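**Student:** First to last, the protein sequences are chains A and B. Residues 383 to 477 in our numbering are what the first sequence spells out, letter by letter. Residues 107 to 589 in our numbering are what the second sequence spells out, letter by letter.
Derived by calculation from the structure, the hints in this document are not laboratory data. Misleading hints may appear alongside valid ones.
With the C-beta cut set under 8 Å, the calculated list includes, among others, these residues of chain B facing chain A [claimed, not checked]: (1) F135; (2) T138; (3) Q577.
Here are a few chain B residues that sit away from chain A, every Cβ distance over 12 Å (derived from the structure) [unchecked claim]: (4) V162; (5) Y164; (6) L386; (7) Q398; (8) D433; (9) L545; (10) K568.
All figures in this text were calculated on a predicted structure; none of them were measured in a lab. C-beta: ideal position from N, C-alpha, C; glycine also.
Listed below, chain by chain, are the residues.
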Amino acid sequence: MGLSVSDIRKIADLAYMKMDDSEYEELEREINSILEMIAEMQQVDTSNIKPVSHPTGETQGLRKDQATATDCTKLVMANAPLEQENLFLVPKVID
Amino acid sequence: MGWLVSIGLETHVQLATSSKIFSGGATDFGKTPNSQASVVDLALPGTLPVLNEQVVEYAMRFGLAINGKINKRSVFARKNYFYPDLPKGYQISQYEEPIVEGGSLTIWVNNNGKTVRLTRAHLEEDAGKSLHDIYPTHSAIDLNRAGTPLLEIVTEPDMNSSLEAVEYAKTLYELVTWIGICSGNMQEGNFRCDANVSIRKSPDCPLGVRREIKNLNSFKFLQSAIDFEILWQVGQLEEGRKISQATVLYDANKNETRVMREKEDAHDYRYFADPDLLPLNITNEAVEKVAQDMPELPNEVKTRFAKTYRLSREDASLLGANRQTADYFEETVKQARKLITFDNLEKIISNWILGELFATLNKNSLKIQDSPVDPHNLAKLVSRICDGTLSSNLGKTVFEQMWISKEDVDSIILQKGLKQITDSSEIEKIVGTIISENLHLANEYKSGKDKALNALVGKIMKATKGKANPQKVKDILKTKLGY
Chain A
383 MGLSVSDIRK IADLAYMKMD DSEYEELERE INSILEMIAE MQQVDTSNIK PVSHPTGETQ
443 GLRKDQATAT DCTKLVMANA PLEQENLFLV PKVID
Chain B
107 MGWLVSIGLE THVQLATSSK IFSGGATDFG KTPNSQASVV DLALPGTLPV LNEQVVEYAM
167 RFGLAINGKI NKRSVFARKN YFYPDLPKGY QISQYEEPIV EGGSLTIWVN NNGKTVRLTR
227 AHLEEDAGKS LHDIYPTHSA IDLNRAGTPL LEIVTEPDMN SSLEAVEYAK TLYELVTWIG
287 ICSGNMQEGN FRCDANVSIR KSPDCPLGVR REIKNLNSFK FLQSAIDFEI LWQVGQLEEG
347 RKISQATVLY DANKNETRVM REKEDAHDYR YFADPDLLPL NITNEAVEKV AQDMPELPNE
407 VKTRFAKTYR LSREDASLLG ANRQTADYFE ETVKQARKLI TFDNLEKIIS NWILGELFAT
467 LNKNSLKIQD SPVDPHNLAK LVSRICDGTL SSNLGKTVFE QMWISKEDVD SIILQKGLKQ
527 ITDSSEIEKI VGTIISENLH LANEYKSGKD KALNALVGKI MKATKGKANP QKVKDILKTK
587 LGY
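Looking at chain B on its own, in the form it has when it is part of the complex (with noise of 0.2 Å):
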């Protein structure tokens, strides 16, 4: 029996920013414990908290980019609870007045585009980090991540499977970080989700009752997540039991999630209004200024790219993943055009990044601003492939001679002696040789056994080390044989 699942995300983003939220306390990763807790973050009585720009303007680009509506006053309140990881008793978040609201995303999923609508996204500080494993009796605290810029984005009940809710979180991912707010280091906590799952029986029924499962930190964990999640679920309601609002953790290790806190337990928070903090005015000019600034964003920049590249979604996909593989696309195609006019230039070269370079940067584990192979030599290994003095095997050899030495295409081919052999009457004396080697072969192809020819062609190529351009040994190997 059919069940119809709806989730919602709930995505902490790091904003990049050099000092805390609310105050100068550094914000780098990895440093010695408790040195970059400032007394602003722990509250220490005579201090007060003060707005960093950076951060206002980052979510004003968010805004902008998902086309949400940048609210001219947010306020700022606090959330109460207890954790001794949060130094403050509350954590300074927004609540009834957030920065964001409203906005959408599209998602690709099976090459359908799926509108996912965005619900708010308000700034928040982070807390600090319990570490529980280091001592035997005591749970050890760091309050280095306490008060980092956080933007919360939260979206509607409105994807249906599990690989919608990867695309959403892989696609906000890419966009995040395109448009430079976020870094984007997933093993330093920069991006995690929560998402709310529930179940219904069909469209007409209310939502059923959703489960919570936190802090999702990597795109295969929220798939396996909530994968497990919604098999739990329909197993519950088609055995006759009833699903109770709860928040879960999900146990990578043994893939299941399991109950943190039942309704009863969840927390009041008893938010209100920051007394510390004003009211944060965003005026129209700032909007203004922000938007100048604003990229093209990567569902424009991927949709331009099919269109005018005439590649296929899936490529473009790929090619507009981030805003460094989109660069070195375009750049190499510029250099490319540059070279030589070919008709499928776009595509080829679309080829060897998503082929060969991507498997070699992997191989290297290298990013792809780190290639060796820049955007130039590519292109003009390229375009010495589209006119002719290259094969695209010989192609190969010669990127994983540029890989290594950095020298330039036309000096390796001279140097390795790769030139392709175009030369007719080259070729032709070449075939004459191994015709005359093989004349069961011929033979053979003359009786009708086309795959006889290919056997010649094989040996011809193998003759001239790959470099006769196999074409015109075909072509020639047909006429000698009497086609």
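Chain A on its own, in the form it takes in the complex (with noise of 0.2 Å):
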């Protein structure tokens, strides 16, 4: 049970988060005492309790399929860093 510095260098890699080398104990501290917490509340017995990621119980509506959003390049631009010809560009990827 809990995590090792390593597992949190891999979270950190998978949610693209730089950080410090010194910050990654402080974080193994604090991570595993959530966890700990965690382990605690999993002792309850919640075997009848159905999960409530929808708390609400009310169910998906639907929309027609109409393209109503037409020609939205300024609106999608407007944040772009860099462009050229429409097209956003970012540091060469291929993977």
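Two independent chains are provided; combine them into the complex using the hints.
**Tutor:** Below is the structure:
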């Protein structure tokens, strides 16, 4: 039980978060204390209780299949740090 | 030494809607970059996704077509990963509770039916497009495709060869275009497959370690990628090496697969239920309503064609490969039956469609629904062949003329004087002339050389410009030459 520094590095990698090496040990302590609290909560018997990811009990409303947002170029490109010919430019990535 | 191959496919089918799955952005292909990405597709602050009702209906249609279970409740989840063409930093998909579960598809390989079990089909949104080749120092991002609705269809590892995998992909393609949920344009990426391939020694062993080949967008590449992958895996294991789980890409130019990422780098997508979207509820009434509008399905049509029209499974499969061809065939049969009663009528029509019509359509890069020769005219042409007015060869001449001028069959026959000579006395006269001009052939035939008869028939057909009925010519010749 509990996370190691290397676990935390992996999570930081997945979340694209850049951190100083010194921060990891502090994070390890903090995260593990949260996990301990969760472990305590997990001792409660919830076998008869439904998960509440959507607590209101409401269901999804639907919209008609109509293209209403036509030509959003200006709105969409408004925040582009770098663009050319209506394309966003980003550092070269090949994966 | 033999190896048993197991293949499972994941297919991304683009659903034929006018707007995105969660926004009013348009889905047209080939528009100015970033002109069709809406603020919802980008999840800009203050926006919320709302589900498109059409994609739900399409998923239900698919669920019914494969006899799967349409879940009363399904949940949208966020699949988290970072890539420049994924504007939100997550893709909205379905994970633990997909819209369709189970079901199966029957494929036909070498005239044997085989059932491929489907695991699930879930709704999700497509990502944008990265363009790596336009600028030397940067990758360019076009988000027009972001938010385009997809149905991802996942099979069990039930296919045992590349041929079966391709047959499954083709059958699925026929089905989704047939039921009208996908427009099926492979060049535009409407239908993309990922193939999970593994090998093992025998059915008693557990499945081998699989490698996943990503993003195969043609049946040809699907087949050659799997073939390469199987050979590579067999090579590894026979040389005593281990295979490690990996995602690979197929390079069509080099015909090889290469590793994109190993298992250690496998994405941990950290799925969780999307708090922006409520669970999707599907009522029995909604399913029933869709069920009422379901068309007859491709496999049912093919079986019916083979049975009621007495066609081979292969011919029936070709005629039932898409709705347009199936409709064309049935309409031609209907029209022809009004004109003539003939024993092999349906088989003759099938031959004309699969032969002359398909060849001419291909030559002119036309689809059957755009054929200048419509079912009515083809029916008339076939009836004129069946009633003896035209020989099959002259039928082809008339067909060519019809293709160009769209004229009526009878007026072409009249204009070109193509009517077959069936009047015996007229044929007898010509036969008499040809015999007297070719006495040596007549004598050869009389002395037992059967080939000489064919030579005579040929000369008579030439003299009549192909208009004499060949069977009648033969009969008259034989009588005249004393047989």
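**Student:** Tell me, which hint numbers fail for this structure?
**Tutor:** Per hint list: 1, 3, 4, 5 and 6 violated.
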